[in-house]
Each structure stands twice: as structure tokens, then as C-alpha cells.
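These protein sequence lines map, in sequence, to chains A and B. Each residue of the first sequence is one higher than the last, beginning at 1 in the working numbering. Each residue of the second sequence is one higher than the last, beginning at 370 in the working numbering.
Check the hints yourself; a few may be wrong.
Stated by the list, open to error - Just a few of them, taken from the derived set where beta-carbon distance is under 7 Å, the chain A residues facing chain B:
{"#": "1", "residue": "Ser13"}
{"#": "2", "residue": "Phe15"}
{"#": "3", "residue": "Tyr16"}
{"#": "4", "residue": "Leu73"}
{"#": "5", "residue": "Pro75"}
{"#": "6", "residue": "Asn76"}
{"#": "7", "residue": "Ala88"}
{"#": "8", "residue": "His92"}
{"#": "9", "residue": "Gly102"}
{"#": "10", "residue": "Arg105"}
Said to hold, decoys possible - Beyond 10 Å from chain B on every Cβ pair, some chain A residues (computed):
{"#": "11", "residue": "Gly249"}
{"#": "12", "residue": "Ala264"}
{"#": "13", "residue": "Ser367"}
Unchecked claim - Cross-link-like lysine to any residue pairs, in silico, SDA-like; alpha carbons within 25 Å at most:
{"#": "14", "chain 1": "A", "residue 1": "Lys104", "chain 2": "B", "residue 2": "Thr549"}
{"#": "15", "chain 1": "A", "residue 1": "Lys104", "chain 2": "B", "residue 2": "Phe550"}
{"#": "16", "chain 1": "A", "residue 1": "Lys156", "chain 2": "B", "residue 2": "Thr549"}
{"#": "17", "chain 1": "A", "residue 1": "Lys169", "chain 2": "A", "residue 2": "Glu136"}
{"#": "18", "chain 1": "A", "residue 1": "Lys131", "chain 2": "B", "residue 2": "Met387"}
None of these hints come from the bench; they were simulated from the model. Note that beta-carbon positions come from the ideal geometry of N, C-alpha and C, so glycine has one too.
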Amino acid sequence: MTDRTMIRIDAVSKFYGIYKALDAVSLTIGEGEFFSLLGPSGCGKTTLLRSIAGFETPTSGEIHIDGVPSVMLPPNRRPTNMVFQSYAIFPHLDVAENVAYGLKRLRLSREDEARRVGDALEQVRLAGLGKRQAHELSGGQRQRVALARALVMRPKVLLLDEPLSALDKKLREEMQVELRQLQKAVGITFILVTHDQYEALALSDRIAVMFGGKIAQVATPKEIYQHPRTRKVADFLGGMNFLSGRILGEQAGTVSVDAARFGAVNLGKPPGFTAADGRVTLGIRPERLRLLWDDERAPHELSGRLENRAYFGEVTHLSVGVEGLEAPLSMVETNSYGADDLPIGAEIRLAYDPDAFVLLAEDPPVSRV
Amino acid sequence: MSFLTQRLRFLPWLPAYMAVYFLFLYLPILLLPVFSFNDAATTTFPLTGFTTKWYASLAGNTAMLEAARNSLVVGVCVALLSTVLGICAARAITRYRFRGQKAAAGLIMSPLFLPEIIVAVSLLMIVLAIGLELSLITVILGQTVFCVPYAMSVLVSGFEGFDRSLEEASYDLGETAFGTFRRVTLPVVAPAIVSSLLVTFTISLDEFILAFFLAGTSPTLPLYIWGQLRFPAKLPAVLALGTIMIVLSIVMLTLAETLRRRAERRTRMASAPPQEA
Ligand SMILES: Nc1ncnc2c1ncn2[C@@H]1O[C@H](COP(=O)(O)OP(=O)(O)O)[C@@H](O)[C@H]1O
Ligand SMILES: [Mg+2]
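Excised from the complex, chain A in its bound form:
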């Protein structure tokens, strides 16, 4: 990964009639970066990706690809290639012909073309399957053909629209690992559209979370998981306990907040933070709460009653009612110590780290007209 900008998106909006699919989206994506667009269905991820590919023309705004203003360029004149959600394998061509499809226009010598096709197939671990017909391939293999067909063009940017969503869980996880390795190996920019937060967290250098045609936050996986800016971002990326707190005082860069039963906590001030009426929303992830066994002690403790329990194999999700809190706290315990056997109604104690709280901003209202 370099520091050079590969894609610069400036205030791109896209209207379908009066419906706003993209609302003034701005982003920069670096050369060699694995970048994910994450958000719920309908938030505009595909529209943004297709605008970069050239299949949609933004209503306003500009997209620079490798420094070239591109919104008016057709897809066949952009240094981008796309892996379609349906894979779009040409059904009348075999695997090698599919991969060679775009090369035909380059009028390479036969040897050069065969070598590039062979290399690309090897890269996606399909060496030797060049003569297979498209309908003889499994879902995972089609996915690889689609990857090879795009990569063989040596694009500057590879665009992937939910490439793994048609695969079952096990294969999907394998392909995630491969996709990441492939990106490292070819070193070009990958832009991945997904609605699966785990996929985005596991694969990306950076993630943009989108809601309602707008970008809510752009950050590294760790940053976005640990310091989500708003309640919706926090919620979308995983479980989160929300509580409302009262501001006790503001210092440069930090605020101290009365977090109900958790006592006073000091929190980093997110950029642009304002608390008009002194009320704020706080969040703490379930795995940052820890069950205390027997006479184990912790510097910060809270006691409550087990209200509910759900068994997930390696972990158990607990729901703990604490007096003075609006909602029960969720927490996650590994099943090494018997959390899956705790009786409902049991009195339990839990430990927390006051530094694990995050201050969450209000989400902007969603309006798509």
C-alpha cells in the first residue's frame, strides 16, 4: 500500500427520479488499498461501485480515477474491472475463453495471451481447468473465473460487488482468506461491497459505513469497531450496550460523563462533538464486560441478575438486568468456565473497564428525496 490516491470521489450524488440513491458522497481511496463499502441493503453501495465502474453516471459530483476525471468515461475506457454479484460468466465460452475475453481486444500474440490467461488461472487456483464449460463449474469456481477474467486485464482498481454472498458459510470464509491474499499478491486497489460486517472487518484496510445514501464513517476496521462515531454505526458493526449519560464536565479533548450505575467515566471527545442538553449516548461492547466468578475481584464491578442466556457453541450470550439501567446488559462469555450452565435468575457480578466506553453522536436524519 502506498500513500498515493487512486480514487477520489467528490460530492457524488445520484438521483433516480426524486429518489436520492447517493447523497453527496466524498471519499478517497489509496493505491493498493483494500477498501470496503459496508452498509445495509439499499444504502447505495452498489450504486457507488457502479458509478466508479462507469455503469451509472452520477447526477452531480466528480470521480477521479488515478488522477483522471472519469464520470463521463464509459466503462470500457476506465482502468477498473468488476466482479459482478452474479459473476456474469459468459455461458457460451469455456473458462479460458472467458478469461481471455478482454485480452482479445489487445491483439496480443497467441503465446502472450495464453501465458496471461494461464497466469491468471493459476493466480485464482484454477490452473488446468481452462477447458471446462461454464455450467460445469461450482459456485466457488465461477467466482474464481470472474476474478481471473477481471485481474487478467491488469486493472488499477478491482471492484467487487458482494462477491461472496452466493457462497455458503464455510466456502465464504475460505474465499475471504484467498481474496485477501490475492489482493496482497497483485497489490492493486480492491473495492469490496458487502453487507457483512465480519467480512468487511476481516478483509479491509479501511471501511466506509453507509446509511441512506450517505457515508457515516470511514476508518480502519479496529477504529470503526472500537470507536464507532454514531449509534447506528456502532449497532451495524456488532452488539453494543447503549446507555444514556449526563455530562459532568468538559476538558480539552475529553469529557467526563456520569454513566448511571457505571459511575463517572472519562471519554475521548469525538471530532465535532457537541452535547446541547448535557445528555449523551454511551456504548460499551458486550465482550468488554466480563463475568466474575466466586470471590474474584475487579477494580470496577457491577452486580445484576441473569435474565436470559443463549448458547452459541463456543460462546454464550448473557443478558443481565442491572438495577438503575434502562435495558439489560448483553455480554459474551466463552464457554470454557461454564457460563452456559448459569441458571436464569442467578445473581452475578461483572467487571468492566471504564476506558471501554465510547461516546456516540446522534445519527443524521435519513431523507432520500
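Mind docking chain B with the ligands on chain A? Use the hints.
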């Protein structure tokens, strides 16, 4: 044993019914070739001997050859016209969503459900009203109207699921609009198009009523056969001609169906990635 075969065991008369049904349906048609090779001018049993003379007599029959030429011209024109119109209709129906789409599709299909003789009479009235001369051209126009729904049904099943992303993938890989049409769109839907050409040609070849009303003085093959039925002595030659037409129709329709299925499989496959087992 499946549920269905279990049930079938309790219906012992079903095979017998099927045998009678198919006998009734195909026996008359099977008699055609039988008598066309029979060395007698009457179509009665017992058969008197094998001959190919009725077939040989066709070769020298100029009126019949003229009718065959007319049928060929009409068939080719109808196949081309109705397939071109069918392509437009099928594409509009599978690719776009517009107001009145269902109604439009229904109206295009309606000649299938209207009594053909009524369609023929109405067309004749219109042709006469606008002062067109009855000729092969009017037959072509009439049969085209009648064949478009068949063409459209065949083509829709080939185009359905022709995923737009195939064309997009082609653009994305650097191809132009024309190149995309030539290298992706056409080859993927080609089997369906050929299938439609074969089906409509066959329908035109066998079509009688529209031709009867609209042909004027140049007969097509079915009209020629109709004319010959007045002469009992010519019957065996007509049977020979009929046999040839049936064989031709069966061959072309089988080919058409094979191609249609292939087209359908291709487009299905392209649009729906399989779930991993
Ligand atoms: N061609 C189109 N015409 C009208 N609305 C569209 C079109 N394409 C997308 N949309 C709408 O724009 C919104 C964003 O779509 P999309 O980018 O596909 O979302 P995502 O990929 O995040 O699920 C959706 O509500 C969708 O219905
Ligand atoms: Mg999408």
C-alpha cells in the same frame, strides 16, 4: 419408490389408456407413409406391394414444384419477419418494465387463442378494404401476424434470465457496444433465434386457412394438396408429399426444441450462480 409410482400401481388401466390415446393420435398419421409406399392407387388394405413411384412422380409435377417454391418463399419470409418482430417483443418483455406490459404481451399472444378462420376473414376484409392485390405477399403478412406469438414464446424462454450483467461484463472488459452485441448477446441468444426461425418456418409450411383466404392465384403446398383431393387418382402422390412434409416438420421442430432448451439452459446458468452444495 416414489409417491407417484406408488399411486400408479393402483391405476392398472392407465397404460392401456395411454396406448389407445397415442394410437388414436398417431395411427392416421402413420397410415400416410404406409400408403405412400403402396403400389396401388387406392388407400385400402391389403397392401399390394412396395413402390417409390409416387415419390418419383412428384419430381416431374411442375404445379407441385411451383407450390413448393411458393411455400419456401413464404416460409422463409414469415420466419424472418416474425422472428425479428418476436425478438423486439421478447426483449421488451424480458428486459424492460413499462406500463401496459402485461396487456401488450397478452395482445401479441391473442392470435393463438382466436379462431384462425376468424383471423383469416378479418385479414381478408382489411386487405380488400385497403385495395391490396391478393398474392404471396398478403399470405406472408397474414402468417407473420399469426407466427409472432410462437416466435415470442420461444424467444422469451431463451432471453429470460439473459442477465444484463453479461453485457455489462463485456463493456467492463473493454468491449464496445457493437462488439458486445457480436461477441456476447448474439451467441448467447442465437440458439433461441434459430429455434424461432425453425418453428415459424414449420408453422408457415403447414398453415392452410390463412393461405387459403389470402393467397389469390399462387398456391402454397397445403393449398395445392387441397386442390388435388378432388382427384382420387392423385391421392397416393398427395400422400407421398404429405409424408415428406411431416418428416420435414418433425425434424425441424425437434431441432428447434433442442436449440430452445440449450438457449434456456445457457441463460439460466448465466444468471443464477449455483448454491454450493
Ligand atoms: N436503476 C434504478 N432505478 C431506481 N432506483 C434504483 C436503481 N438502482 C438502485 N436504485 C435504488 O437505489 C437504492 C440504492 O441501491 P443500491 O446501490 O443497489 O443499494 P445496495 O447495493 O446498498 O443494496 C435502493 O433503494 C434502490 O432501490
Ligand atoms: Mg447491492
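Right, here's what the structure says about each hint:
| no. | hint | in the structure |
| --- | --- | --- |
| 1 | Ser13 | violated (22 Å) |
| 2 | Phe15 | violated (19 Å) |
| 3 | Tyr16 | violated (13 Å) |
| 4 | Leu73 | violated (11 Å) |
| 5 | Pro75 | holds (5 Å) |
| 6 | Asn76 | holds (5 Å) |
| 7 | Ala88 | holds (4 Å) |
| 8 | His92 | holds (5 Å) |
| 9 | Gly102 | holds (3 Å) |
| 10 | Arg105 | holds (5 Å) |
| 11 | Gly249 | holds (56 Å) |
| 12 | Ala264 | holds (52 Å) |
| 13 | Ser367 | holds (26 Å) |
| 14 | A:Lys104 - B:Thr549 | holds (12 Å) |
| 15 | A:Lys104 - B:Phe550 | holds (15 Å) |
| 16 | A:Lys156 - B:Thr549 | holds (23 Å) |
| 17 | A:Lys169 - A:Glu136 | holds (22 Å) |
| 18 | A:Lys131 - B:Met387 | violated (45 Å) |
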